[in-house]
Amino acid sequence: MDRIVEIENLSFIYPDGCQGLRDISLAVYPGEDLAVIGPNGAGKSTLLLHLNGILRGNSLVRVCGLPVEEKNLKEIRRKVGLVFQDPDDQLFSPTVFDDVAFGPLNMGYSESEVRQRVAQALEGVGLAGYEKRSSHHLSAGERKRIALATVLSLNPQLLVLDEPTSNLDPRSKWSLIELLGRLPVTKVIAAHDLELVRALCPRTVVLDEGRMVAEGSTADILDDLSLLRAHGLAPQGKAIPAPG
Amino acid sequence: MKHSFIDQYSDGDSLIHRLDPRTKLVTTLAFIVAVVLTPVSNWRAFVFYFCLVAALLIISRLPPLYVLKRSLVVFPFVLLVAIFIPFFNQGEVAGSYNIGLWRVSVTYSGLVVLANVVVKAWLSILSLVLLSATTNFTELLKGLRQSGVPEVIVLILSFMYRYVFVLVDEMLRMRRARDSRNFGGGRRRQLRTIGNMIGILFIRSYERGERVYAAMLSRGFDSQIRSLRQLSFKKADAYFSIAFALALISSAVVFWWL
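Here the protein sequences come in this chain order: A and B.
Residue numbering for the first sequence follows the numbering used here, beginning at 6 and increasing consecutively.
Residue numbering for the second sequence follows the numbering used here, beginning at 24 and increasing consecutively.
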C-alpha cells in the first residue's frame with residue numbers, strides 16, 4: 006500500500022443541488038503532510054468529510070487500502086481521525102475524559118485500555134490531568150488541543166484537520182503548530198492560514214468552486230502570486246505585501 | 024463569557040457532597056413523595072420536613088442566601104397556577120369583594136389548598152436545590168444512568184447541560200450585535216427583530232446538531248451508547264439512606280397517630 010488516500014474523479018452534489026466537489030483526483034502518501042487551501046466555500050470541508058465516509062460522492066474513495074463503503078466504515082473511522090473546526094462541535098460530553106474516551110469506547114476496547122489511551126492522548130497534547138474538567142470551562146487553545154486528543158486516543162493512521170488554528174491567538178496558534186509538527190502521523194490539513202501551511206506542509210493543493218485548480222510543492226504555490234490572487238488567497242492590491 | 028452554572032457549589036466538600044449521587048437521587052425522590060402525600064391538616068409534619076431539609080442544608084455548608092434565592096425562582100410559576108384556587112373553591116367564605124361588575128369571594132378551604140400547594144412546592148424545591156448544589160452534574164448523570172434511567176434520556180440531559188451555555192453565548196452575541204446597531208423603533212419592529220433572532224438561534228442549533236452528529240460518527244458512533252461504570256456505594260451511603268428512610272417513616276407514623 007503506497008497511498009493512504011486515493012481519490013479518482015470524485016464529484017459531490019449536496020441534497021439542495023449545490024455542487025460541492027467537481028472531478029477531484031488526489032492521492033495522499035504515507036508520512037506526508039498535505040495542505041488543502043482555497044477561499045470560503047471552495048469545498049475544503051466537503052472534501053475532508055469524504056475521507057471518513059461522512060459524505061459519499063459518485064466515485065469510490067480508498068483510505069488505507071479500504072474502499073469507503075458501509076461495511077468498512079468502522080475500520081476507516083478508527084484509522085482516520087477527523088478534527089472539526091469548531092471544538093464545540095467535537096466536544097459534546099460533560100467532561101474531557103468522556104470526550105476523549107468516546108472513540109475508544111465505541112471501538113469496544115476494555116476499560117483499562119480506554120483509560121490508558123485517554124491518559125496517553127491527553128499527555129500527547131500536553132494536557133495531562135485534564136480528565137475531570139468540563140470543556141466549556143476551557144480556553145480556546147485548550148479546547149482545540151482536547152479536540153485533537155479525542156481522535157489521537159484512537160491512534161489514527163491519518164489525521165484530518167479542518168482549520169486547526171482558527172480563532173487562536175498567535176501564541177496558542179504557534180504552540181499548536183509545533184505540537185502538530187511533532188506528531189508522527191500523515192496529515193491532511195484544510196486551512197486559510199498560510200503561515201500554518203508554510204510551517205507544516207511540504208505539499209499543497211488549491212481548491213476553488215469545488216475544483217482542484219493547482220497542486221504542487223507549498224513553496225512553489227505560495228510564491229505564485231498570480232495564482233493566489235486569482236483564487237482569493239492573496240491581497241489584490243500591491244500596497245499590502247503577500248503573506249508568507 | 025461567564026455564566027452561573029446549574030451545579031454551582033457542587034465542587035464543595037461536606038458529608039452530603041461525598042455521598043453517592045444515587046443515594047441523593049433516591050432520598051430526594053422519597054422526600055418529595057413524602058411531602059406531596061402528607062395531608063395538609065398535618066402541619067406538624069411539614070415543620071418536621073422543613074427541619075429535616077434545613078439540617079441537611081446546614082450540614083452541606085451551602086450559603087443560605089444562595090439556597091433561598093435559588094428556591095424562590097419557581098415561585099412565579101407556582102403562584103401563577105395556584106393563585107386562583109381560593110376563588111374557585113366551595114366552602115365557608117373568608118371574605119368577598121366587589122370589583123366592578125364582579126363579585127369575588129375567597130373561601131377558607133381555598134386558602135388552605137393554596138397554602139398546601141405553596142408549602143409543598145417550596146419544600147420540594149429546597150430538596151432539589153440541595154441535590155443540585157451538592158452534586159456535580161456529571162456525577163448526577165452517572166447516578167441516573169446507573170439507577171436504570173434510559174440511556175437516551177441521560178444523553179439528552181447531558182447534551183442539554185453541555186450546550187445550554189454555548190447557546191446562551193450565541194444569544195448574547197446576537198443581542199450585542201443588535202444593540203450596537205441601535206435597536207429601537209416601534210414595538211412592532213422590535214417584536215419582529217426578536218422573532219427573527221429566535222428563528223436564527225433555532226436554525227443555528229439545528230445545524231450545530233448536524234455537525235455534532237458528524238463528529239460523533241467520525242469517532243465510530245453506531246447508535247449504541249457506551250460508558251465506563253465507576254460509582255461505588257460506600258458505607259456512609261448506607262448509613263445516610265437508612266437514617267433518612269427512618270426519619271421519613273417515623274414522621275409518617277408519629278404524625279398519623281397525633
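Treat the hints with care, since some could be wrong.
Capping the alpha-carbon separation at 16 Å, the derived lysine to aspartate or glutamate pairs in EDC-like fashion look like this [to be verified]:
id	chain 1	residue 1	chain 2	residue 2
1	A	LYS178	A	ASP198
2	A	LYS84	A	GLU74
3	A	LYS137	B	ASP245
4	B	LYS257	B	GLU162
5	A	LYS178	A	GLU200
6	A	LYS137	B	ASP34
7	A	LYS76	B	GLU162
8	A	LYS84	A	GLU147
9	A	LYS79	A	ASP91
10	A	LYS178	A	ASP229
11	A	LYS178	A	ASP91
12	A	LYS79	B	ASP245
Worth flagging that the hints you see were computed from the coordinates, not collected in a lab.
Status of each hint after checking the structure:
{"no.": "1", "hint": "A:LYS178 <-> A:ASP198", "verdict": "holds, 10 Å"}
{"no.": "2", "hint": "A:LYS84 <-> A:GLU74", "verdict": "holds, 14 Å"}
{"no.": "3", "hint": "A:LYS137 <-> B:ASP245", "verdict": "violated, 25 Å"}
{"no.": "4", "hint": "B:LYS257 <-> B:GLU162", "verdict": "holds, 15 Å"}
{"no.": "5", "hint": "A:LYS178 <-> A:GLU200", "verdict": "holds, 10 Å"}
{"no.": "6", "hint": "A:LYS137 <-> B:ASP34", "verdict": "holds, 12 Å"}
{"no.": "7", "hint": "A:LYS76 <-> B:GLU162", "verdict": "violated, 36 Å"}
{"no.": "8", "hint": "A:LYS84 <-> A:GLU147", "verdict": "violated, 24 Å"}
{"no.": "9", "hint": "A:LYS79 <-> A:ASP91", "verdict": "violated, 23 Å"}
{"no.": "10", "hint": "A:LYS178 <-> A:ASP229", "verdict": "violated, 25 Å"}
{"no.": "11", "hint": "A:LYS178 <-> A:ASP91", "verdict": "holds, 15 Å"}
{"no.": "12", "hint": "A:LYS79 <-> B:ASP245", "verdict": "holds, 9 Å"}
Checked against the numbered hints given earlier, the structure breaks hints 3, 7, 8, 9, 10 and satisfies all the rest.
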